[in-house]
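Protein chains in written order, with my numbering: chain W, 9 to 511; chain C, 41 to 357; chain F, 627 to 1007; chain L, 23 to 359.
Treat the hints as calculated values from the structure; they're not laboratory data.
You may find that some hints are simply not true.
As the list claims (entries may be wrong) - Label pairs and their calculated CB-CB ranges: (1) L:Lys359 <-> C:Ile178: 48 to 54 Å; (2) W:Asp187 <-> C:Ser355: 34 to 40 Å; (3) C:Asp186 <-> F:Thr653: 23 to 29 Å; (4) C:Val157 <-> F:Pro725: 46 to 52 Å; (5) C:Arg345 <-> W:Ile146: 16 to 22 Å; (6) W:Pro102 <-> C:Ser355: 18 to 24 Å.
Virtual Cβ for every residue (Gly too), placed ideally from N, Cα, C.
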Amino acid sequence: MEHAPLLTMRNITKTFPGVLANDDVSFDVHAGEVHTLLGENGAGKSTLMKILFGLYQPDSGEIRLRGEVASITSPTSAIEQRVGMVHQHFMLVPTLTVAENVALGLPSNRGFRTDLDAVSERIVEISEQYGLSVDPSIEIWKLSVGERQRVEIIKALYRDAELLVLDEPTAVLTPQEVDDLFVILRQMTANGTGIIFISHKLHEVLELSDRITVLRNGKVTGDTTPSETNRQQLAEMMVGREVKLAPDKPHVDLGLARLQLRDVSVKGDRGTIAVDGVSLDVHAGEIVGIAGVSGNGQRELAETIAGLRPAESGSSVTIDDADLTKAGPARTRAAGLAYVPEERMKDGAVGEFEVSENLLLINHGDPKFRRGPLFDFAKIREHCQRLVDQFSVKTPSLDTPTSSLSGGNIQKLIMARELDSRPSVILAAQPTRGVDIGAAEYIHSELIEQRNVGVAILMISEDLDEVLGLADRIAVMFEGRIVTVIDREAATREALGLAMAGG
Amino acid sequence: MSQFFTVSVLVATLATAIKFAVPYLLAALGETIGQRSGVLNLGVDGIMLLGAFGGYYTVIQTGSHLQGILVGLGIGLAIGIVYAYVTVFLHAQQGISGIGIFLFGLGFSDLLFQELVGTPKPIRPLPTLDKLPGVGGIFEPLVDIDIVGPLLFDHNLMTYMAFLLVPATTWLLMKTTFGMNVRAVGENPQAADSLGVSVAKTRLIAILIGSSLAGIAGATLSLQLAIFQHNLTNGIGFIAVALVYFGAWRPRWVMAGALLYGLVTATRIRWQSLDIIPQGASDIAAMAPAIITILALVLLASRVRGPAALTRPFSRH
Amino acid sequence: MKRLTGGIVPLGAALVAFLFGAIMILTLGASPVEGLGAMIDGAFGTGDRVAATAVRATPLLLVGAGITIAFRASVINIGGEGQIIAGALLSTALALAIPDTPKVLLIPLVILAGIVGGGLWGAIPGVLKAYASVNEILSTIMLNIVAIQLMNYLLRGPMIDPVEVGTSRIPQTERLTDNAAFPTLIEGTRLHLGVPMAVLAAIIVYVILFRTPLGFRLRAVGHNPDAARAAGISVERNIVSALSMSGALCGLAGVVLVFGSESLRLVTDGGSAGFTGSAGFNGIVAALFGGLHPLWTIPSSFLFGSLLTGATELQRELQIPNALAIALNGLIVLFVVSSDKVRNWLDLRLDRSMSTPRSETAEAAVPLETDDLEEALEETT
Amino acid sequence: MKAKRMLKLFAVLFAMTLTAAACGSGDSTSTTTSECGSDLAVAAGESVTDLSVALVAPSAKDDVAFTQSMVDSLTRLGIEPQITDGTFVVEEAAAAIRGYAEDGIDIIVAHGTQYGGSLAEIAPDFPETSFIWGTSADNQGIANVFAYYPEADQGGYVNGLIAASIAGADGIGVVGPVEAGDAVAYIEGFTLGAEAGGSSTSIVYTGSFSDVALATTTAEAHAANGVAVLTGTSQSAVGAVNVATANDLPWFGTQSNTEAWSSDLTVASQVYHWDVVLADMIEKIEGGTLGGEAMALTLENGGLVMEFNGCYDLDSSVKSDAEAAIEDIIAGEIATK
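Please build the complete structure, drawing on both the sequences and the hints.
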């Protein structure tokens, strides 16, 4: 007789006000296998996993662990039933040490007092067993992203997780680090651990998974194995229609260098050099993509170009020959920069503001929106309505609080606002991260359109597919430096991956 | 000026500063624990006033200092429950709720005082070591030692408790499971929650410890001064909150802040009594502690960062 | 619909607080009914008392409007007391310096001086926060202490009434020139110019916050400083503006207290409350009760004004200490802030019941993607 | 038990009042000596008037200082006023004053300097009501306002003189509140007296009338500096009295009698007997004059009374020197300012 699956989730349904997040979803995982959950943002993967981890209760349906009906009421009960989770946004306390983060929530051998020495010993054991080297006594904020992920995995292993959920674990890793991670994961499955792997990177999914379940709009739309399917088929199961994986790009003659970076060095939040002597030109009519693994100075570089972070002396940033090195964000924007920041809810939009207010964020001072000292709301509405229509931002009204829009629509809102400023340079960081495929297609086509009319575009992206699909030239950043600049035609995924790892 | 720089005057000034700092220190240590868990309590002054009245009234009724302090603790605990319910469970804005607690404490302590006591009558003050019933004789020779005596031995038990609470608070925060939870919850409550640490429970306990200490601080104040009056604290609780920021959420630095505040105050009083500060400048001198605190912070502030989740209510959804 | 719940929930909270007040009155051995009667009589019993209530509400409204600006920009201003004093001191000094200036000129001048005084006093913590990262809670508390002592110094020294020097040495200025006295609006009552001025100020604050680029920037900085900065808005400058404007309105409250009071002089009892009546704190309460909306702050200030005048009558009639009113204020604050959650819940319910029938527009409604919704909710809490 | 004690007390005080009245023969006395261990509660005198009286005062009615001295004074006159106390906020006081006037109260005592401005507005609206206001040396020229004020420097001088005899070269510590009002008058008179007696004062103004902690710290600083005597004024002085008790230092009080605070360490207190001027005023009011003048409390008219503590063993020669000084002050031979 066959063993009962490690996990069975049967007929799970979960609704939120106005939204059917999971609609009769069934899903199981056997010990020793990697079962991938594939789907776009909003397809219901996270909700399903939060139900599994006890953060939500399903409206109906049942969960069985090892064949027994399980009641998972809280993260604690999930952990007690040996379910572990590595969240996409790491659940680590930056000011605590590795050992403290691991020990958090567990009873101590010494009662009231912590027993970090014992915890550290066990961490060393686990890290040796799985090749997850990390110093237990170091504070999290001092660690790299890859190391933090290792801590997350150690946390789960320390709790003897038999079932481990990994939510988008490769988003922040280099291809080589991804390979290392896969080695670790395979070792875990060999030891009998069941793994739920959540990703939308199709080639990784095909490489790692034993089985694949695809979700769309809260429903299961496909249940397959890598041998039975391919990328195109998976993409279509995810989106529900035919998908064009690469946009059309006409040839455009290069114009003058509109954005010029010379020897740009920048300190990061910790006071160490994060960007180290970067020089780069972006010409009118081209998209330069900056590829690289998160944390190699891209964010600091973008912030410096946008005037948000001071550059070290000797650096120079110019747009159309105007020196903006020390200009600050207002003057930089006045000089023709449009900025689509990496974290849209943190830097791009004010969540509590209405849609119209966010559309007005960068040009609210424009006299054309005023009558005397006061806002001319009629004109403002007209202007905002035009932008919303033009960029097909889906919103119930102009007065809707922005935070209640979907990620894709907020991103379109930001694009609408930024592109409307008739920029000479667009700086777009992770323009489609966390955005549904439809919106991503739209955003890509808008960027190409701007390129075609002579705007210089610098796009920072950790998504290699995006960079390869959109950029005319590709610069790879590693440890604060630009290690190589390759023309699109000469670029291969492998060469880029090597460069991203510093090779 | 020269008459200030004699050993005896310097020692006496320092001893005064130590004693003066005690209520500030007790309240600020409590507030440190609360803020480390991510909860700001601006109502410390109100809790202190209620604790001060409770302690004072208890001593009038029973004559027992210990009971007075315990009543202060109990009152702090009771108000803490209300504050925790409002801020942790109802997610009320912390700064404002604190003002509410302050106003309530200010009014209610005065109301109780007027109804139950009326005339401010002195009580027996907290005894210093050498005047402790029974064991006082042991300490008498110690108090008479030069320099060390007045600095270290001429204090009441609450002074020692306050200063012992400094390493104790550090130990609690850094070496215990509870302290680790407090720090985690104040920094990244989502992470703590995901590991089964109850954010609400941790914050509740942190608030209760903090408000109990505020209650004790109030009782200590009234028993040390041996009196109660309308608005006895005169804003000590607010300054205690300020000292937490000053001390960058570290008990040792909070203590340094309380001592600095006490020392500046004691020094200006001493200088006035020695005519170093001319009489006409008394009010200017009274500004000194406030101004020096601000200046000290200007020099320190940019280098410290508070608990990331301070003042942010936590909810899972 | 939102407007409605905006009013109902705090009122409900206030009722609960009053219930506690009634219990306290009962415990003190008096009749709550008589107590309420005395309070209503004290606040609204005669035309003059209504006027007195309005006069009591005026500083609360001004401070409340100022606090609203600061809080909207996410700056916690606890320095109202000090800013009131600063405004009062500067305007008093001006009135003392040019007493013979005609009324039409002098009144605007003292008002301006108060605004400048309070504004400057507010700018200090603003600058300290924006450019030296000094927490504003701390600096405003400390600056209150400094302002009080400055007032004590000036009123017993340079600004003291010359008559007092040789006699009772009361720390007060001489009676200020009638040219600076706020004119009474209704003969026989105390209703003076300050009352409509404060209402106007609240309206102006509303207009600034919601209808001008300046208010737009303040709110943007308050909600999300990072996004504001990235959009080219100077966070530092707006923090300073918010605290300066907040302080300016508190300073204006100081002017009203001096030139609208019957005594027409500045006198200190060594602390701040004797002069300000704790308006610097009570104004926060009023602003909060008004849901941090300048227009709602108008009725809310009047409510608290009536609570204060009513409490005086309560004490006079039933010999109940007015400390009760202060305690009650505290309870109201607690209940109102706690009811925020209730209000959110109510709003959500009402919104849903409102939006259900609009099925024909459902096409336009966004298919909310749950993950983003959750993310967004996490961002906002 | 309690009632019995009260009764006994009442008898004692009644006897004392009788004695005082007998020796005073109409004139008030300027010194008294309490019987050691007696309660200090003031006995109600025979009512001097049938007019209704209300009192509005800034601090609590039993503050053992400014406000209590007025309540005690009214009690001595057999008057049980309606009281609104704790109204340090002028606007609140004004509302209360107006309320009493509207209620038809005949005499309203506005016991706070800061109420003067409000009174100037209210009094003319109620010409039938008499307002008694202090402390102020000036009735603002209003026909139905009486003003009163203490010449606090006089008793201060006497206190200082006696203190000097105890303190000698060790000096006297003075705990002042804000450098203003009758606090300054008292302290300056005290200093002159102390200097006349061959001692010196060290004066610290804390900057607050109410900060007990600061007053305590200040008194401790004085004690540590080695002073032999302490004095102080304002409601925060209670903190300083406690320090005097803890350090066994003699204490001199002012405004009200501080014996209740200091066990037997209070040597003498200058007590404000407002009743002396109040009696005068009420007589005039009954005669139809509702105001129009300011009256001072002095040693001469018995408004200032030096109350010696019977429990403190004061050298009789010092006491007689003090009494001589009182005579000289009354005679104008000693300047106290």
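- request: Go ahead and decide if the range 46 to 52 Å is satisfied by the Cβ distance of Val157 (chain C) to Pro725 (chain F).
  value: Given a distance of about 47 Å, which is inside 46 to 52 Å, the answer is holds.
task: Evaluate the given range 34 to 40 Å for the C-beta pair formed by Asp187 (chain W) and Ser355 (chain C).
output: For Ser355 (chain C) against Asp187 (chain W), whose Cβ atoms are near 39 Å apart, the range 34 to 40 Å holds.
query: Okay, Asp186 (chain C) versus Thr653 (chain F) on CB: inside 23 to 29 Å?
result: 55 Å, violated
- request: Indicate whether the distance between the beta carbons of Arg345 (chain C) and Ile146 (chain W) respects the range 16 to 22 Å.
  value: 18 Å, holds
field: Range hint 18 to 24 Å (beta carbons of Pro102 (chain W) and Ser355 (chain C)) holds or violated
entry: Since Pro102 (chain W) and Ser355 (chain C) have Cβ atoms about 21 Å apart, the given range 18 to 24 Å holds.
message: Assuming the hint says 48 to 54 Å, is it satisfied by the Cβ distance from Lys359 (chain L) to Ile178 (chain C) or not?
response: Because 53 Å falls inside the window, the suggested range holds.
Comparing the model with each numbered hint stated earlier shows that hint 3 is the single one that does not hold.
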